[in-house]
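K.L.:
Residue numbers (the working numbering), protein chains in the order written: chain A, 412 to 546; chain B, 196 to 508.
The hints are simulated quantities; they were obtained by calculation from the structure and are not laboratory data.
Check before you lean on any hint, since a few could be wrong.
[Unchecked claim] Restricting the straight-line Cα-Cα distance to at most 35 Å, the calculated cross-link-like pairs of lysine-lysine (DSBU-like) are:
hint, chain 1, residue 1, chain 2, residue 2
1, B, K252, A, K505
2, B, K291, A, K505
3, B, K291, A, K440
4, B, K200, B, K252
5, B, K252, A, K486
6, A, K505, B, K212
7, A, K505, A, K486
8, A, K440, B, K252
9, A, K505, A, K440
10, B, K212, A, K543
[Said to hold, decoys possible] To give an idea of the chain B side of the interface with chain A (calculated C-beta under 10 Å), a few residues:
hint, residue
11, H235
12, E238
13, I250
14, L254
15, N259
16, H266
17, D267
18, I322
19, Q326
20, G334
[Unchecked claim] Simulated DEER-style distance windows between Cβ atoms:
hint, chain 1, residue 1, chain 2, residue 2, range
21, A, W434, B, L319, 49 to 57 Å
22, A, W508, B, S278, 33 to 41 Å
23, A, F527, B, E248, 38 to 46 Å
Because the structure is a prediction, the values reported are computed rather than measured.
We treat Cβ as the ideally placed atom computed from N, Cα and C, and that holds for glycine.
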Amino acid sequence: MYIAMKIQKEPVDLGKSQPLERWEQQIRKGALEMATLAALWSGRLYGLEIIRRFEDSSQLTLAEGTIYPILGRLKSEGLLASEWVEAEAGHPRKYYWLTGAGRTRLQQMAETWTEFSRELGRLLKPVIAAQKEEV
Amino acid sequence: MNPSKEQELQIDNYLRKLRECLPDMSVADREEIVREISVHIRESAQEANSSIEEILKRLGSAENLASQYGHDLLIRHASRSISPVLILRATLELAKRGLEGTVLFLGALLGYGLGGGLVLTAILKPIFPRQTGLWIGPGVFDFGIHEPRYSDPVHEVLGWWYIPLALCLGCFFLWLTTYGIRRFLRRSKQRGPLFARGQMGVSTNAGVSILLTSLLVAVVCFGNATPSFQKTHFSSMTGDRVAAPSDVGQQLQVQIHITRDAGGGLHVQFVFSRRSERGCRPGRQDGDCEHSTRTAEAGESSADVGAAAERTL
Chain A
412 MYIAMKIQKE PVDLGKSQPL ERWEQQIRKG ALEMATLAAL WSGRLYGLEI
462 IRRFEDSSQL TLAEGTIYPI LGRLKSEGLL ASEWVEAEAG HPRKYYWLTG
512 AGRTRLQQMA ETWTEFSREL GRLLKPVIAA QKEEV
Chain B
196 MNPSKEQELQ IDNYLRKLRE CLPDMSVADR EEIVREISVH IRESAQEANS
246 SIEEILKRLG SAENLASQYG HDLLIRHASR SISPVLILRA TLELAKRGLE
296 GTVLFLGALL GYGLGGGLVL TAILKPIFPR QTGLWIGPGV FDFGIHEPRY
346 SDPVHEVLGW WYIPLALCLG CFFLWLTTYG IRRFLRRSKQ RGPLFARGQM
396 GVSTNAGVSI LLTSLLVAVV CFGNATPSFQ KTHFSSMTGD RVAAPSDVGQ
446 QLQVQIHITR DAGGGLHVQF VFSRRSERGC RPGRQDGDCE HSTRTAEAGE
496 SSADVGAAAE RTL
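So that you can see chain A by itself, here it is in the shape it has in the complex (with noise of 0.2 Å):
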């Protein structure tokens, strides 16, 4: 998750080449599921209040139309439930959790996806000192 972050965090180059822009584009993708049940974790969220966590969190930024099918994919494989609340002022909300099979996946994925940073950081070690020392 740190590494997907801190790519997340750097400002987007304009010069960047279209290949490199598709492939970040395929990272933030990929590690969408996994952000939405992680926004989760700590408790029932509505579709608008995940995309501003991902905002403030992560500056995972996207088609904010994408998270819902996301949001309903996740819950047709029971990994989310929901339930719509009547709001006090405004509109009902449409609130998302995790089920039991919901937080297991996300530890799962939790485990292996710090397993593959740590092993990519690893390899990468060396660029970046390069790179630092070019700076």
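Guided by the hints, dock chain B onto chain A, whose structure is given.
P.N.:
Only chain B this time, still in chain A's reference frame:
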């Protein structure tokens, strides 16, 4: 900020388009999606510095949003279905997203083509008994339905046993393709979000396996057909070079021998064989075949030689 009338119209238009573009699903599911998106737009509009145009832009076009629901739904349905049409549609959708999807789609196409083709030939065997079967001979392994084109020593070996065998094999290929694709779709569904390009990793093996198996079977079954037959059939011919045989009329077969004499001159010899119903092997004299050999004279065209040989036979 509450939306103005004009903004309300914009929202309604967006939601109407979304409703229209959403795939086949129950009315309740469709309305729940539209309701959720509607709430998103209205809640976002209440935040400071948010115009409806910006909110809709951030949300993405209604068509694009609906298609994301559509992809997920299609793949979800296909992963539980045994309908080849639905499975092919799902794999075609994946094919648009990357190489792995394309491989999967081709594998599905080949698997279903092979399985369906075998079942079809089994059904057609009673109607076209002589044209349908399995022909085996030196360098030949050919099955299916086509005009009889083989002669001794290539024979149709299965007879009426072709029907149960082709049915079993056809059903096996249909099952293998359906099972393989469904397994792939289920695994992918569990693994990756929206089947993003380049994320099909491990389960690609299932698609690749299906494709390779189907290709292998297709090559074994169809790859050794006519060309090998001709090669084997005429490899025993004498002469410096033997040109490929061709047909003159429907029954007359001609081979062209080109030989070089000691003085370096070229001799072109035409061997004509009239095939009987069972067929004949050129160069062999038996009751089923009639042969006529002619050497071309200087300035004589092959058509002239052929016409003369046909008259002789």
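K.L.:
Next, verify each hint and record whether it holds.
P.N.:
These are the hints, each one checked on the structure:
{"no.": "1", "hint": "K252(B) - K505(A)", "in the structure": "22 Å, holds"}
{"no.": "2", "hint": "K291(B) - K505(A)", "in the structure": "32 Å, holds"}
{"no.": "3", "hint": "K291(B) - K440(A)", "in the structure": "17 Å, holds"}
{"no.": "4", "hint": "K200(B) - K252(B)", "in the structure": "19 Å, holds"}
{"no.": "5", "hint": "K252(B) - K486(A)", "in the structure": "26 Å, holds"}
{"no.": "6", "hint": "K505(A) - K212(B)", "in the structure": "22 Å, holds"}
{"no.": "7", "hint": "K505(A) - K486(A)", "in the structure": "12 Å, holds"}
{"no.": "8", "hint": "K440(A) - K252(B)", "in the structure": "19 Å, holds"}
{"no.": "9", "hint": "K505(A) - K440(A)", "in the structure": "23 Å, holds"}
{"no.": "10", "hint": "K212(B) - K543(A)", "in the structure": "51 Å, violated"}
{"no.": "11", "hint": "H235", "in the structure": "6 Å, holds"}
{"no.": "12", "hint": "E238", "in the structure": "5 Å, holds"}
{"no.": "13", "hint": "I250", "in the structure": "8 Å, holds"}
{"no.": "14", "hint": "L254", "in the structure": "4 Å, holds"}
{"no.": "15", "hint": "N259", "in the structure": "7 Å, holds"}
{"no.": "16", "hint": "H266", "in the structure": "8 Å, holds"}
{"no.": "17", "hint": "D267", "in the structure": "5 Å, holds"}
{"no.": "18", "hint": "I322", "in the structure": "47 Å, violated"}
{"no.": "19", "hint": "Q326", "in the structure": "50 Å, violated"}
{"no.": "20", "hint": "G334", "in the structure": "48 Å, violated"}
{"no.": "21", "hint": "W434(A) - L319(B): 49 to 57 Å", "in the structure": "51 Å, holds"}
{"no.": "22", "hint": "W508(A) - S278(B): 33 to 41 Å", "in the structure": "35 Å, holds"}
{"no.": "23", "hint": "F527(A) - E248(B): 38 to 46 Å", "in the structure": "40 Å, holds"}
When each numbered hint is compared with the structure, violations occur for hints 10, 18, 19, 20.
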